[in-house]
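Engineer: So the chains spell out like this:
2 protein chains.
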Amino acid sequence: MSFRNNFRKITPYVPGEQSKDRDIVKINANENPYPPSPKAAAALKTFDCEKLRFYPNANATILKEVLADYYGVGVENVFVGNGSDDVIALAFQSFFCSDKPIAYPDITYSFYPVWCDLFRIEYTTYPLDENFRINLEDYKAENGGVVIPNPNAPTSLGEGEEFIRTLLDYNRDSVVIIDEAYVDFGGYSSVNLTKEYDNLLVTGTFSKSRSLAGIRLGFAIGSAELISVLEAVKNSYNSYTVDSLAIAMGIESVKDDEYFKETVGKVIKTRKRVTDELRALGFEVLDSQTNFIMATHCGYNMKDYFDYLKAKKVFIRYFSLPRIDKYVRITIGTDGEMDRFLEETRNFLGGK
Amino acid sequence: MSFRNNFRKITPYVPGEQSKDRDIVKINANENPYPPSPKAAAALKTFDCEKLRFYPNANATILKEVLADYYGVGVENVFVGNGSDDVIALAFQSFFCSDKPIAYPDITYSFYPVWCDLFRIEYTTYPLDENFRINLEDYKAENGGVVIPNPNAPTSLGEGEEFIRTLLDYNRDSVVIIDEAYVDFGGYSSVNLTKEYDNLLVTGTFSKSRSLAGIRLGFAIGSAELISVLEAVKNSYNSYTVDSLAIAMGIESVKDDEYFKETVGKVIKTRKRVTDELRALGFEVLDSQTNFIMATHCGYNMKDYFDYLKAKKVFIRYFSLPRIDKYVRITIGTDGEMDRFLEETRNFLGGK
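As given, the protein sequences belong to chains A and B, one line each in that order.
Counted from 1, the first sequence has number 263 at position 263 by the numbering used here; the numbering is strictly sequential.
Counted from 1, the second sequence has number 61 at position 61 by the numbering used here; the numbering is strictly sequential.
Isolated chain A (complex conformation) (with noise of 0.2 Å):
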């Protein structure tokens, strides 16, 4: 018998590769190529510090407010956490506790597996079609929970209206999970749908449109009866997940709208811009409604693509995973950055 014996057996997940070196173009997290909000910024540089001996605001009332008021919703409808990643763990936490499997498709965000494991939930995965469509028919039957990115991550695919409201229908008996991570640039956003689907959870976060990746601020909508059970598993697990520099620069992050769709609106152009260049380059490149795209080239290995284009100091990213090992995924920077791989991807085609 030794204390080892008691340690939680789990396959730990590896973050991504990071880099200081400033020559290399980091296109490879989904991160936003533009700086946060002025505004957001300027909180930072005028707030009191003093006031950090304080706890935050449990609550983060004005943060909430300041959603609800974005969203339409009311106060009691917005859930906010560290990260959407701490925000989607904990709604598994409270929504999935049932002894049928929960749902969602083979190819999705990496971390669904990792919290079922972790929270002892079981799971089945329904297989994306050949396009990396969800098969709705599938969430047909019976389950423990559903969860479904829309737009899809890393397929860059998003669904309407029509798809999501049929998904509700088909599951009125579970909790419904939308992780909307990537809509901000050009999905389509189920928010509305909480006020008639009271089983609908509808999660964001700060980090991808809003250029805060670095703070950890995400969010939830949905009925009041499910942010209370998300408040109360939160307020068991740590009262104070979201800390007051977080509230500060979000509340500001949120009122500056125009920025916001500023930036946004950048990165839906450059997509277009890399998207039509490289099709034409000969590349597959699928119609992305996020701020990164994926794409593979018939007469290329991308695993090989990939490792050229590293040692050139731009990286991308290659998932050596079934299905998706014929693909890279290429997140959205600025025109200057895109030019860059743009120049090395022709060298690399150039090369062979």
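Check before you lean on any hint, since a few could be wrong.
[Said to hold, decoys possible] Below, computed lysine-lysine pairings styled on DSS-like, alpha-carbon distance capped at 25 Å: (1) A:51 - B:100; (2) B:51 - A:261; (3) B:45 - A:45; (4) B:140 - A:51; (5) B:100 - A:9; (6) A:45 - B:312; (7) A:313 - B:272; (8) A:255 - B:269; (9) A:272 - A:310; (10) B:51 - A:255; (11) B:255 - A:45; (12) A:266 - A:255; (13) B:312 - A:51; (14) A:255 - A:45; (15) A:39 - B:255; (16) A:39 - B:45; (17) A:195 - A:140; (18) A:39 - B:39; (19) A:312 - B:310; (20) A:51 - B:269; (21) A:51 - B:310; (22) B:45 - A:51; (23) B:272 - B:310.
[Stated by the list, open to error] Pairwise CB distance ranges, derived in the manner of DEER restraints: (24) A:131 - B:39: 51 to 61 Å; (25) A:131 - B:196: 54 to 64 Å; (26) A:110 - B:320: 39 to 49 Å; (27) B:122 - A:106: 31 to 41 Å; (28) A:110 - B:228: 34 to 44 Å; (29) B:5 - A:346: 24 to 34 Å; (30) A:74 - B:97: 36 to 46 Å; (31) A:4 - B:9: 30 to 40 Å.
[Unchecked claim] Derived contacts from chain A toward chain B, CB cut-off under 8 Å, selection only: (32) 6; (33) 34; (34) 39; (35) 53; (36) 96; (37) 118; (38) 122; (39) 123; (40) 126.
No lab work stands behind these hints: they were computed from the structure.
Glycine included, each C-beta is placed from N, C-alpha and C at the ideal position.
Since the structure of chain A is provided, determine the placement of chain B on it from the hints.
Structural biologist: Only chain B this time, still in chain A's reference frame:
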């Protein structure tokens, strides 16, 4: 059948009350009355906000190095998390996967039973003796793990090296967590014992002695083996629990040891004065090794005392719990705040 059947059943923990009224003497949450290190504040003011578009360093490398250096351990012996609540909750999930109940005192940090409920961990509580001391022999019994705050809260009482060594010798087959949230105010730290006992995990926080409750930063020190298990569980839950601003401020706080010693010294000095004055007024005050004191008065009802002070805008803490409902907990504030507290205390005693 309803989706509500799959909700996690939990009794919500209610965080302590907060107020924005500047006139209030808030000595109810064990917050530090002095601001954080000016060097930590400067790190915030000079932080390059553009970097917030990136995810934080998931490993918080520099912060870990600074802490390792400060505590004289290796960087592989240091873990950091989103407040010590997050760190201890992760440690519960990581090390207490046993069929046997874990052991801790009946009067202690109120989150331990809440985490046991949330993570479905069995537990046994052992009563403190009539002087609010831990009876070491209780911890000789077989268990699935041990957690002890040292100094303990809300008793304010601490134990020394011999006690902790005996506890560890009794528990070679369990992970022992020593929660040192308050140790910097005069307690004995077991950090050096982590080099001898590979089943010992010591946890700490930036919320009390470092005046940084608002940024949410906690840490743990233990054998490389324990730390690697914690890292695996953390990376399965949320790789980026500690945000970039907390990392930047945390580093400068640890480096500014002069300021740290000065402010901790002031709290200890004020604690002595308040203890002496309360005793002169007929209070019984336990010998605190923390930034708060536990006090009672045989001639008065402590709930009445708490209510009286609250009406006078002096917020202390009263626990309506068995065995400690004859006591109040008073956080050590500035000398000015404590003067007002003492003045209202005299008014209360005189008015009865």
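Engineer: Could you work out which of the previously given hints the structure breaks and list their numbers from low to high?
Structural biologist: The structure breaks hints 1, 4, 6, 7, 8, 15, 19, 28, 29, 34, 38, 39 and 40; every other hint is satisfied.
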